[in-house]
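> Here the protein sequences line up with chains A and B, keeping their order.
Heads up, the first sequence is in our numbering, so the first residue is 1 and it goes up one at a time.
Heads up, the second sequence is in our numbering, so the first residue is 1 and it goes up one at a time.
Do not rely on the hints blindly, as some may be mistaken.
[Said to hold, decoys possible] In silico SDA-like pairs for lysine to any residue, Cα to Cα no more than 25 Å straight-line:
#1 A/Lys136 / B/Thr383
#2 A/Lys5 / B/Ala6
#3 A/Lys6 / B/Ala13
#4 A/Lys151 / B/Leu376
#5 A/Lys136 / B/Tyr405
#6 A/Lys151 / A/Ser105
#7 A/Lys136 / B/Ala210
#8 A/Lys5 / B/Leu277
Derived by calculation from the structure, the hints in this document are not laboratory data.
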Amino acid sequence: MMLPKKTSLAIATLGAMLLLLESAKLARPFTLADVLDFRPRDIPNVEPLAPMPTLKGPVTAFRRPIIEPNLIDPHDNLRPFYLALWRTELGAPGAITRVLHYGDSPVTADSITADVRSLLQQHFGDAGHGFVLIAKPWAWYGHRGVEVQGKGWLINAATQVRARDGFHGLGGVSFEGDTGASSRLTLAEDHALMEIHFLRQPGGGVLAVEAAGQKLGDVETDGPAEQPSYQTFPLNAGAREINLSVERGPVRLFGVSFERNTPGVIYNSLGLNGGQVQIVVRYFDKPQWTEELQHQHPDLVVINYGTNESIYADYIERYYPGELRQVIQSVKAAVPRASCLIMSPMDRGQRDSDSRITTVPTLPQLVEIQRQMAVEMNCAFFNTFQAMGGAGTMARWYDSTPRLVSADFTHPLPAGARKVGVLLDQALESGYRQFKAREQRPARSAPAAQETH
Amino acid sequence: MLLTTAAYFSFLAAVFFAYWLAARYRLGALAVVLFANYFFYARWDLAYLAIIPAASTCDFLIGNALHRSSRRQLRRLLVTLSIVLNVGLIASVKYFSVLPWVLPLALSFYGFQSLTYTIEIYRRDAKPAESYLAYLASASFFPTTIAGPITRISTLLPQWSKREMLSPRDGGKALFLIGLGLVKKLLIADFLAENLVNRVFDLPKLYSGAEVLAGVYGYAFQLYYDFSGYTDIAIGSALLLGITLPRNFNRPYAAQNISDFWRRWHISFSNWLRDYLYFSLPGLRSSWKIFAYLNLVITMVIGGLWHGAGWTFVVWGAWHGIGLATHRWWQAWHGNPKLTLTPGARFLCGLATFHFVLVGWVFFRASSLSTARDVLYQISSGTISFANITPAFVLVMVIAIGAHYVPPRWYDGGLELYCQFPYYAQAAAIAALAVAIRYVAGSGSAPFIYSRF
Numbered sequence: 001m002m003l004p005k006k007t008s009l010a011i012a013t014l015g016a017m018l019l020l021l022e023s024a025k026l027a028r029p030f031t032l033a034d035v036l037d038f039r040p041r042d043i044p045n046v047e048p049l050a051p052m053p054t055l056k057g058p059v060t061a062f063r064r065p066i067i068e069p070n071l072i073d074p075h076d077n078l079r080p081f082y083l084a085l086w087r088t089e090l091g092a093p094g095a096i097t098r099v100l101h102y103g104d105s106p107v108t109a110d111s112i113t114a115d116v117r118s119l120l121q122q123h124f125g126d127a128g129h130g131f132v133l134i135a136k137p138w139a140w141y142g143h144r145g146v147e148v149q150g151k152g153w154l155i156n157a158a159t160q161v162r163a164r165d166g167f168h169g170l171g172g173v174s175f176e177g178d179t180g181a182s183s184r185l186t187l188a189e190d191h192a193l194m195e196i197h198f199l200r201q202p203g204g205g206v207l208a209v210e211a212a213g214q215k216l217g218d219v220e221t222d223g224p225a226e227q228p229s230y231q232t233f234p235l236n237a238g239a240r241e242i243n244l245s246v247e248r249g250p251v252r253l254f255g256v257s258f259e260r261n262t263p264g265v266i267y268n269s270l271g272l273n274g275g276q277v278q279i280v281v282r283y284f285d286k287p288q289w290t291e292e293l294q295h296q297h298p299d300l301v302v303i304n305y306g307t308n309e310s311i312y313a314d315y316i317e318r319y320y321p322g323e324l325r326q327v328i329q330s331v332k333a334a335v336p337r338a339s340c341l342i343m344s345p346m347d348r349g350q351r352d353s354d355s356r357i358t359t360v361p362t363l364p365q366l367v368e369i370q371r372q373m374a375v376e377m378n379c380a381f382f383n384t385f386q387a388m389g390g391a392g393t394m395a396r397w398y399d400s401t402p403r404l405v406s407a408d409f410t411h412p413l414p415a416g417a418r419k420v421g422v423l424l425d426q427a428l429e430s431g432y433r434q435f436k437a438r439e440q441r442p443a444r445s446a447p448a449a450q451e452t453h
Numbered sequence: 001m002l003l004t005t006a007a008y009f010s011f012l013a014a015v016f017f018a019y020w021l022a023a024r025y026r027l028g029a030l031a032v033v034l035f036a037n038y039f040f041y042a043r044w045d046l047a048y049l050a051i052i053p054a055a056s057t058c059d060f061l062i063g064n065a066l067h068r069s070s071r072r073q074l075r076r077l078l079v080t081l082s083i084v085l086n087v088g089l090i091a092s093v094k095y096f097s098v099l100p101w102v103l104p105l106a107l108s109f110y111g112f113q114s115l116t117y118t119i120e121i122y123r124r125d126a127k128p129a130e131s132y133l134a135y136l137a138s139a140s141f142f143p144t145t146i147a148g149p150i151t152r153i154s155t156l157l158p159q160w161s162k163r164e165m166l167s168p169r170d171g172g173k174a175l176f177l178i179g180l181g182l183v184k185k186l187l188i189a190d191f192l193a194e195n196l197v198n199r200v201f202d203l204p205k206l207y208s209g210a211e212v213l214a215g216v217y218g219y220a221f222q223l224y225y226d227f228s229g230y231t232d233i234a235i236g237s238a239l240l241l242g243i244t245l246p247r248n249f250n251r252p253y254a255a256q257n258i259s260d261f262w263r264r265w266h267i268s269f270s271n272w273l274r275d276y277l278y279f280s281l282p283g284l285r286s287s288w289k290i291f292a293y294l295n296l297v298i299t300m301v302i303g304g305l306w307h308g309a310g311w312t313f314v315v316w317g318a319w320h321g322i323g324l325a326t327h328r329w330w331q332a333w334h335g336n337p338k339l340t341l342t343p344g345a346r347f348l349c350g351l352a353t354f355h356f357v358l359v360g361w362v363f364f365r366a367s368s369l370s371t372a373r374d375v376l377y378q379i380s381s382g383t384i385s386f387a388n389i390t391p392a393f394v395l396v397m398v399i400a401i402g403a404h405y406v407p408p409r410w411y412d413g414g415l416e417l418y419c420q421f422p423y424y425a426q427a428a429a430i431a432a433l434a435v436a437i438r439y440v441a442g443s444g445s446a447p448f449i450y451s452r453f
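Work out the full structure: start from the sequences and follow the hints.
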């Protein structure tokens with residue numbers, strides 16, 4: 001017997017202490033069987049991923065029906081959206097299909113939405129970029145096709161230092177500027193119209209608007225009462241650099257929309273960093289938001305929250321269904337003729353005690369609540385989580401080459417975002433094709449005129 | 001079986017008791033170590049049970065043949081065979097998978113250690129192992145398997161013959177090192193990685209210049225604490241069996257110049273590169289001094305390529321190679337002056353060296369040259385926002401920086417104090433650490449960075 005006495009005693013005592021701590025749930029759970037587990041679990045998952053459809057090229061997939069099991073629409077709620085798409089596809093003048101996509105951090109840099117926009121516009125026409133904020137409320141804010149620079153603005157995002165009056169505009173962010181505050185928006189392509197979203201208010205100042213170095217006019221923001229307002233300016237061909245500057249403060253802006261005078265799709269990306277349904281319920285001024293939604297005349301409103309809520313088991317159980325219901329009610333009350341689509345969050349991973357990347361345990365529960373609520377509230381439901389591959393997707397996406405998800409196992413990298421965007425686009429277009437085939441069966445006619453709005 | 005898991009520490013405790021119970025009989029102790037080594041490999045993948053004994057037996061036989069032979073050509077052929085075997089083993093696992101599945105553990109550190117054996121016998125610097133069992137136990141010694149420290153077989157072999165009992169001080173030191181390694185890895189390195197570094201390097205354009213710079217500083221300390229944390233656990237584990245492994249780090253960011261840095265960072269690797277690669281390159285004894293400088297660059301580029309077959313590692317190696325060559329040339333030009341620097345000058349030299357190393361880390365960590373360029377571009381943009389830097393991240397960074405620069409005598413004082421604790425206090429201190437990890441660390445530990453090399 002040659003055991004080193006003191007160290008042996010220390011190790012034995014430590015073992016006993018850890019067993020006690022574990023039984024009191026104070027140490028990390030552990031079973032002795034783990035030591036003898038020879039399954040090859042540390043091998044990275046190298047299961048090949050399905051090939052990505054290309055974004056450019058002939059639209060052959062459009063003609064082939066695809067069975068899409070992840071888009072649930074039992075009440076035919078997507079009918080107004082499909083009808084709008086049909087009109088757009090027929091190319092009638094002014095036939096623009098408008099989508100508002102509200103989302104959380106995976107959408108904040110126009111991830112996912114930029115790809116859906118690109119695909120829908122390839123297939124149905126490009127009616128413009130849509131809404132964009134006038135400065136970066138968070139460092140990574142950005143939209144594909146629009147470069148945004150702003151200075152001198154007091155920025156109040158609904159998820160951060162929120163505006164006291166709850167006026168956060170269409171995009172959830174308010175920009176207050178005094179004389180000298182300015183923004184420059186650089187477009188990658190020509191647009192025909194630009195609409196400034198601002199707050200008319202007593203004592204409001206003047207905003208000067210320039211395009212390609214030419215002054216387009218002023219926006220007078222003074223008015224008898226606080227009221228969300230809009231002013232449109234035409235843009236000439238080649239006018240891609242827009243400058244907004246406060247000539248006399250105060251001026252309060254919410255964003256700018258860009259459109260073309262051609263039939264097509266406008267897909268507005270409205271991602272809020274840290275976005276949750278409770279932000280909309282608690283911190284959006286309801287009348288003001290209603291006014292903003294109504295002004296857009298959307299054909300589809302996508303509600304794509306859940307990433308941030310997914311780690312709070314107690315909240316999900318107690319409050320989440322009620323708050324999600326309130327958001328859907330607000331949207332439906334504001335734009336009753338628009339389709340409503342609940343889009344579930346992506347998979348979200350975390351490392352377990354054995355260093356494996358696993359799905360956050362409460363996420364499937366949250367997705368199921370969303371599905372039930374969509375059915376109850378007469379909305380469609382897109383199960384992003386399931387479409388991606390369900391539980392464990394983040395581990396596969398993290399180990400894939402190229403990597404599809406960031407090391408936080410939450411935010412998609414560009415290739416991953418494109419994959420999710422393609423999945424959503426495929427589901428919507430598949431649904432649209434099935435809708436069209438069904439509508440054409442009894443009488444091969446264009447959408448009924450009375451259903452326009 | 002990562003060195004931070006409960007499974008590993010249960011395994012280590014079992015090996016400790018079995019080893020010391022068998023220590024009276026050298027053969028018994030070696031059999032315990034060999035069983036533990038192969039058990040450890042098998043936990044990663046059962047395929048290692050075929051690969052490692054076969055490769056070790058080849059090197060053992062080559063070593064014997066090298067020792068017996070005096071024919072220069074044959075000896076050269078034999079050492080070449082060993083180099084091809086070990087480099088081939090590293091390359092086949094690391095770069096070109098010859099198996100139908102991916103082996104989770106690169107065999108770099110195994111290969112480096114094995115090469116020290118045959119090359120030293122070839123150079124007549126060491127004699128072959130007398131015991132086959134001792135050789136097998138040394139070549140595959142489990143604490144060094146994942147990421148070193150690279151230990152010459154010739155320094156391990158004589159330690160198996162020691163008859164001394166583990167002293168209370170060495171036992172205390174082993175436990176102290178293991179605890180320290182866990183703190184470094186789980187409470188500092190993983191925290192920095194998960195809370196900023198990984199996200200910044202995944203999508204640098206989404207963060208402000210200040211945040212990206214903070215992410216790069218964070219990475220410098222994450223890498224140090226990750227790797228030195230692993231090393232502490234490895235050295236502590238070996239010391240529990242009475243085996244002393246070489247030191248691998250000596251406050252590297254306190255280096256005064258780039259040569260000094262490489263005497264303090266991954267010491268066993270830089271020594272290996274110097275002794276087995278740099279000295280083996282042609283032209284060192286040439287009167288053309290350019291060869292000495294060129295060989296430095298070549299050595300570091302090969303060292304970079306060992307980390308991975310990518311341009312980022314080539315740039316990292318070349319950056320350090322050019323830095324080392326320039327420093328050596330400067331010293332030669334000034335006649336190797338012994339400079340006595342003022343504290344202020346020492347601080348500036350240290351700061352400059354640290355930032356030189358920091359630029360290298362950008363390439364070392366970035367997934368591609370374009371990502372590295374984005375990181376450097378974002379930093380140079382000068383944009384300032386700290387929205388993604390939490391107070392907790394700042395606190396951990398302050399602790400990380402402070403702990404790195406504490407005088408060595410403070411560390412020695414802490415070690416001595418711990419060694420003097422009674423056994424139950426030693427156990428209680430580590431149990432308290434386990435509880436802290438349960439509550440403070442993330443939900444799981446990421447693999448050690450160097451385990452993939």
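> What hint numbers does the structure not satisfy?
5 and 8
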